[in-house]
Amino acid sequence: MVDNTNIKQDLIKGYFEILLYKDLIERYGISNEYVLKYLFKKVLLNTTKEFSTTKTLNELKSQNINL
16 MVDNTNIKQD
26 LIKGYFEILL
36 YKDLIERYGI
46 SNEYVLKYLF
56 KKVLLNTTKE
66 FSTTKTLNEL
76 KSQNINL
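Per my numbering, residue 16 is the first one in the sequence shown, and the count goes up by one each step.
Don't take each hint at face value.
With a cut-off of at most 20 Å between alpha-carbon atoms, the simulated EDC-like pairs for lysine to aspartate or glutamate come out as follows [stated by the list, open to error]: (1) 52 with 74; (2) 28 with 38; (3) 52 with 32.
Here are the in silico distance ranges between beta carbons for each label pair [claimed, not checked]: (4) 57 with 24: 25 to 35 Å; (5) 19 with 73: 17 to 27 Å; (6) 35 with 76: 17 to 27 Å; (7) 59 with 21: 37 to 47 Å; (8) 46 with 20: 26 to 36 Å; (9) 19 with 82: 13 to 23 Å; (10) 21 with 46: 12 to 22 Å; (11) 19 with 62: 29 to 39 Å; (12) 61 with 30: 14 to 24 Å.
Rather than coming from a laboratory, the hints here were simulated on the basis of the structure.
Each residue gets a CB set at the ideal place from its N, CA and C atoms; glycine is no exception.
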């Protein structure tokens with residue numbers, strides 16, 4: 016039997032990668048892919064919570080990521 020959950024996750028992951036790479040990174044010449052992925056994941060995982068740019072910036076700085 017095929018596990019539909021894995022197929023769905025792979026499909027969504029593929030759409031996410033296409034959106035990131037084709038539509039944003041290539042089109043706008045974004046050089047720091049990690050930060051973009053981090054922001055996307057943070058927003059998608061916290062859709063019901065408030066998003067603080069200052070808090071997110073501090074989180075990235077604490078990981079020694081220069082913006």
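Hint check:
Restraint check for residue 52 and residue 74: the C-alpha separation of about 14 Å stays at or below 20 Å, so the hint holds. In summary, the hint linking residue 28 to residue 38 is supported, as the alpha carbons are separated by about 15 Å, within the 20 Å threshold. About 9 Å separates the Cα atoms of residue 52 and residue 32, which keeps this hinted pair within 20 Å; it holds. A beta carbon spacing of about 19 Å between residue 57 and residue 24 contradicts the range 25 to 35 Å that was offered as a hint.
Here the CB-CB span from residue 19 to residue 73 is close to 39 Å, at odds with the stated 17 to 27 Å. Taking the beta carbon of each, residue 35 and residue 76 are about 22 Å apart, inside 17 to 27 Å as hinted. For residue 59 paired with residue 21, a C-beta distance near 19 Å fails the hint of 37 to 47 Å. Between residue 46 and residue 20 the CB atoms are about 35 Å apart, so this pair conforms to the stated range of 26 to 36 Å.
Roughly 39 Å separates the CB atoms of residue 19 and residue 82, a value that falls outside the hinted 13 to 23 Å. With their beta carbons about 33 Å apart, residue 21 and residue 46 fall outside the hinted range of 12 to 22 Å. Take residue 19 and residue 62: their Cβ atoms lie about 23 Å apart, and the range 29 to 39 Å is violated. Distance hint check for residue 61 and residue 30: the Cβ-Cβ separation is about 20 Å, which falls inside the suggested range of 14 to 24 Å.
Going through the hint list in order, the structure does not satisfy hints 4, 5, 7, 9, 10, 11.
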